[in-house]
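Participant: Residue numbers (this note's numbering), protein chains in the order written: chain F, 1 to 367; chain V, 368 to 642.
Derived by calculation from the structure, the hints in this document are not laboratory data.
Accuracy of the hints is not assured; some may be wrong.
[What the hints assert, rightly or not] Pair by pair, the computed Cβ-Cβ distance ranges are:
no.	chain 1	residue 1	chain 2	residue 2	range
1	V	Pro-399	F	Ser-124	54 to 62 Å
2	F	Lys-211	V	Arg-630	53 to 61 Å
3	V	Leu-459	F	Pro-106	39 to 47 Å
4	V	Gly-505	F	Arg-65	54 to 62 Å
5	V	Gly-439	F	Gly-137	28 to 36 Å
Just so it is clear, CB atoms sit at the ideal spot from N, CA and C, and this is done for glycine as well.
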Amino acid sequence: MVDVKLRGIVKRFGKTVAVNGIDLDVRDGEFIVLLGPSGCGKTTTLRIIAGLEKPDEGRVLFGDRDVTYLPPRERNVSMVFQSYAVWPHMRVYDNIAFPLKIKKVPKDEIDKKVKWAAELLQISELLNRYPHQLSGGQRQRVAVARAIVVEPAVLLMDEPLSNLDALLRVKMRSEIKKLQRRIKVTTIYVTHDQVEAMTMGDRIAVMNQGKIEQVGRPDEIYLKPANVFVAGFIGSPQMNFFDATIYIEKDKAVLDVGDFKLGLNKDLIEVLKDYEGKTVIVGIRPEHIYPENLIPSTTKKVAKVEGIVDFVEELGSDTIVHVNTGSQILVLKISGSHHYEIGSKLVIALDLDKIHVFRKDTEKAII
Amino acid sequence: MVEKDTSMVKYYLFKIIIAGLVIIAVLWVITPFIISILYAFSDPTDYYSKEIIIPLHYTYEHVRKLVALGAGTAIINSVIVALMTIALSFALGLPAGYAFARFVFPGKDSLKLFIIGLRMFPIIVIAVPLVSLYIRLGLSDSLLGVALAHTAMALPFVIIITSSIFAGIPKELEEAGLIFGLDRTGAFLRITMPLALPGLAAAAIFTFIMSWNEVFIAAVLTLTNRTLPAFILTSAMAATDFIKFAASFIMILPAMIFVFIARRYLIAMWGITLR
Chain F
1 MVDVKLRGIV KRFGKTVAVN GIDLDVRDGE FIVLLGPSGC GKTTTLRIIA
51 GLEKPDEGRV LFGDRDVTYL PPRERNVSMV FQSYAVWPHM RVYDNIAFPL
101 KIKKVPKDEI DKKVKWAAEL LQISELLNRY PHQLSGGQRQ RVAVARAIVV
151 EPAVLLMDEP LSNLDALLRV KMRSEIKKLQ RRIKVTTIYV THDQVEAMTM
201 GDRIAVMNQG KIEQVGRPDE IYLKPANVFV AGFIGSPQMN FFDATIYIEK
251 DKAVLDVGDF KLGLNKDLIE VLKDYEGKTV IVGIRPEHIY PENLIPSTTK
301 KVAKVEGIVD FVEELGSDTI VHVNTGSQIL VLKISGSHHY EIGSKLVIAL
351 DLDKIHVFRK DTEKAII
Chain V
368 MVEKDTSMVK YYLFKIIIAG LVIIAVLWVI TPFIISILYA FSDPTDYYSK
418 EIIIPLHYTY EHVRKLVALG AGTAIINSVI VALMTIALSF ALGLPAGYAF
468 ARFVFPGKDS LKLFIIGLRM FPIIVIAVPL VSLYIRLGLS DSLLGVALAH
518 TAMALPFVII ITSSIFAGIP KELEEAGLIF GLDRTGAFLR ITMPLALPGL
568 AAAAIFTFIM SWNEVFIAAV LTLTNRTLPA FILTSAMAAT DFIKFAASFI
618 MILPAMIFVF IARRYLIAMW GITLR
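Hey, can you work out the whole structure from these sequences and the hints?
Facilitator: Shown next, in the form of structure tokens:
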């Protein structure tokens, strides 16, 4: 059990910069998720923590120990690979026992530990099989068992669920999370799947182009995205973005979008007045726009906009409606099944308390 | 009903044609073997008789004659040379193949091409310089000398084959080894090597057969320590036909035994390592 600190990590491959200055503190026993699109440097970051790559700059600290130049075997880390990397020439038992054998753990203790891990992952009856006799999900369990049997200081997981089918993925998601709670190991988990990140992470580090965009609890990331990238990456369907010009009236700040205006509360004047006359990016999530007749009672202040239904996706549990307001197409997500005629008129209400405003130049959040 | 019949005819006709083609292919390969073996033991009168195609009387005399002339030592020489060739070409080729498979370095592709290019030169061109070099080094007429020459011939092949074998073994398996307590050498020896073994055994078979069959270099570089092909070239080729057949029998037999053993071992291993 140990906390992990990354300080100014930079990694280049030829001319491409895979990781571009990362600082991250992972607390002891925490489950942190590195989330980002493919090629954002999250796997490289994980491999640097594992010791499979050397950073070009920066330090990796486990507690007070600088492990930057230590080989993987001296770091007391474990890893679950995306391809599982279960050794095909060893039986399941030997796969799980191998790390302990190398550490010269006594035989009866190895046996005890292997059985403990196998039971935890419900693979006790598979111990005598070879990996090629197992299904993908079973192999995955073997990989996890092998990773926890050594009682690592840090457990690293590189998209461990991405090769499983959808049902199994949901099941393993909760199992891995429960397992981590039970053995309380510091865990760093890489994924590109926002649902995995939201459901499993104690905290999420959203990465893009080799940098960490935001670190926070899942609800923080969702409710208070630090910039346009994070706002757009989290949430499905994606947040609606459009440009607006700010001007301040006596008792309110107004976002002028063109074919409609959004009047914000006067307590935001203080924050927004520096941007008066400037263009900003406005963001609002699809689940925070409602048809006029379906405004929730808890909603305090809305702006109503008239538009034409452009496209409807009925998903059963939700209905996603694309509404053309003239200059914009806004997407709204309504829970439950609803029917809308394409081409018909629809008055929609934007929840003004849920609006995000970002700077146009830096794309950083203002509110 | 009628339509069904024609489709059935078509189906069986197709099957028969395929079977026929397979039989032809097998005969093509196997007939020379059978003929060589039959005539190797044929009584000379049967061999020369115009009425007899398949000999009726058999004798060990031809084989015994060749062994008396030194075929036994030649076989042993050949095996020694072939095994030395395998050892040397693997000692040099395996690390190179591994490097080609695992690492990215400048000039990798041109180097690979260059290695294949080495096989471009006809052996005859380098034979005379090689002999004079060997005489100066004191390697002429030695088995090590032949093995070194064979190593040079087999090496490009070994490098290319082993690199594709290593490339077929996922890097993550080794990395998992590194994570779980092995150093690089340990990961190679305990993870990669066991997985590569069937492929390496196949490469060893090819190397063995190449060395076993190679006649030119062996004949040029040796005088008293002949390998089997060189021995046959200088002794049996001037003799009567059934002696030649006996020579080819001696030539075929050990190679066949070697391949059969290696092949069974190979299949047994592939059953486990292939997923």
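Participant: Confirm or reject each hint.
Facilitator: Status of each hint after checking the structure:
| no. | hint | verdict |
| --- | --- | --- |
| 1 | V:Pro-399 / F:Ser-124: 54 to 62 Å | holds (57 Å) |
| 2 | F:Lys-211 / V:Arg-630: 53 to 61 Å | holds (55 Å) |
| 3 | V:Leu-459 / F:Pro-106: 39 to 47 Å | holds (41 Å) |
| 4 | V:Gly-505 / F:Arg-65: 54 to 62 Å | holds (58 Å) |
| 5 | V:Gly-439 / F:Gly-137: 28 to 36 Å | violated (60 Å) |
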